[in-house]
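There are 2 protein chains.
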Amino acid sequence: MEDGWLNTVNWAQDGLVPVVAQEVGGGRVLTVAWMNREALRKTAESGEVHYWSRSRRKLWRKGEESGYAQKVRSIRLDCDEDVLLLEVEQVGGIACHTGRHSCFFRKLEDAQWVAVDPVLKDPADIYKRGT
Amino acid sequence: MEDGWLNTVNWAQDGLVPVVAQEVGGGRVLTVAWMNREALRKTAESGEVHYWSRSRRKLWRKGEESGYAQKVRSIRLDCDEDVLLLEVEQVGGIACHTGRHSCFFRKLEDAQWVAVDPVLKDPADIYKRGT
Numbered sequence: 001m002e003d004g005w006l007n008t009v010n011w012a013q014d015g016l017v018p019v020v021a022q023e024v025g026g027g028r029v030l031t032v033a034w035m036n037r038e039a040l041r042k043t044a045e046s047g048e049v050h051y052w053s054r055s056r057r058k059l060w061r062k063g064e065e066s067g068y069a070q071k072v073r074s075i076r077l078d079c080d081e082d083v084l085l086l087e088v089e090q091v092g093g094i095a096c097h098t099g100r101h102s103c104f105f106r107k108l109e110d111a112q113w114v115a116v117d118p119v120l121k122d123p124a125d126i127y128k129r130g131t
Numbered sequence: 132m133e134d135g136w137l138n139t140v141n142w143a144q145d146g147l148v149p150v151v152a153q154e155v156g157g158g159r160v161l162t163v164a165w166m167n168r169e170a171l172r173k174t175a176e177s178g179e180v181h182y183w184s185r186s187r188r189k190l191w192r193k194g195e196e197s198g199y200a201q202k203v204r205s206i207r208l209d210c211d212e213d214v215l216l217l218e219v220e221q222v223g224g225i226a227c228h229t230g231r232h233s234c235f236f237r238k239l240e241d242a243q244w245v246a247v248d249p250v251l252k253d254p255a256d257i258y259k260r261g262t
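If you read the protein sequences in the order shown, they are chains U and L.
The first sequence maps to residues 1 to 131 in this note's numbering.
The second sequence maps to residues 132 to 262 in this note's numbering.
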């Protein structure tokens, strides 16, 4: 795949752009994470969503630990060329490390953030390793 | 309104967080922009979406020039408390300064970014001032 399209993206000084992952079908916004050039290239080439972890300072494939991968259906770029929007199929229906469908499970109600979406699976079960 | 909920948000060092605006109904992602504390407070209090413009370094009410305001229906916060998701009603059906419905009008197709959504109104007509 030619690389010119990667140059169109207006990468920030730290080499990253924010990425919105939206679920195919219902259109639920699942996650917002970050990509660098390599993450975007790998995502486009493999069809599996890769992000850049700012806290761990490494590339990661979504679901590499949890199994809850995101399969990419389309990749869009915004007018300022500095935000990406992915349409994804969420494997297992869980995008959030808290075991919820979406990371946006808290809603502002009467000046309080209220968790309005259920935990579908205990994170301890999602991330446990063989002993 | 009490301010504690504003402290829950994990503002970045520059005082900002990214904000996804998603349209009520169809669920189209319209824009991703930025808010500081004041923008979020004003948005919650007024019901009209306010952002922080990084290029102009000022607070702005979405639609203050174009007329294409965003009315907020709900405000969500993600698991890391550093991204907001707004459900909005897009006045006039145009969110993008290019005159399109959504800012995400370019789609990656065969290693090219292709504008796949139509211009609904000429920006010259949207932003023209009385002479």
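Treat the hints as calculated values from the structure; they're not laboratory data.
One or more hints might be untrue.
Straight-line C-alpha distance at most 27 Å; calculated DSS-like pairs for lysine-lysine [unchecked claim]:
| no. | chain 1 | residue 1 | chain 2 | residue 2 |
| --- | --- | --- | --- | --- |
| 1 | U | Lys42 | L | Lys238 |
| 2 | U | Lys42 | U | Lys58 |
| 3 | U | Lys71 | L | Lys259 |
Just a sample of chain L residues kept apart from chain U, beta carbon distances all over 10 Å, derived [to be verified]:
| no. | residue |
| --- | --- |
| 4 | Asp211 |
| 5 | Asp256 |
| 6 | Lys259 |
On a predicted model such as this, the values are computed, not experimentally measured, just so you know.
We treat Cβ as the ideally placed atom computed from N, Cα and C, and that holds for glycine.
Consistency of the hints with the structure:
Simply put, U/Lys42 and L/Lys238 have alpha-carbon atoms about 17 Å apart, close enough for the 27 Å limit, and the pair holds. Distance check on the hinted pair: U/Lys42 and U/Lys58 sit about 14 Å apart at the alpha-carbon level, within 27 Å; holds. Restraint check: the Cα-Cα separation between U/Lys71 and L/Lys259 comes to about 43 Å, which exceeds 27 Å; the hinted pair is violated. Not every Cβ of chain U is farther than 10 Å from the Cβ of L/Asp211; the closest lies at roughly 7 Å, contradicting the non-interface assignment.
Every CB of chain U lies more than 10 Å from the CB of L/Asp256, the least distance being 17 Å, so the non-interface label holds. No beta-carbon of chain U comes within 10 Å of the beta-carbon of L/Lys259; the shortest separation is about 19 Å.
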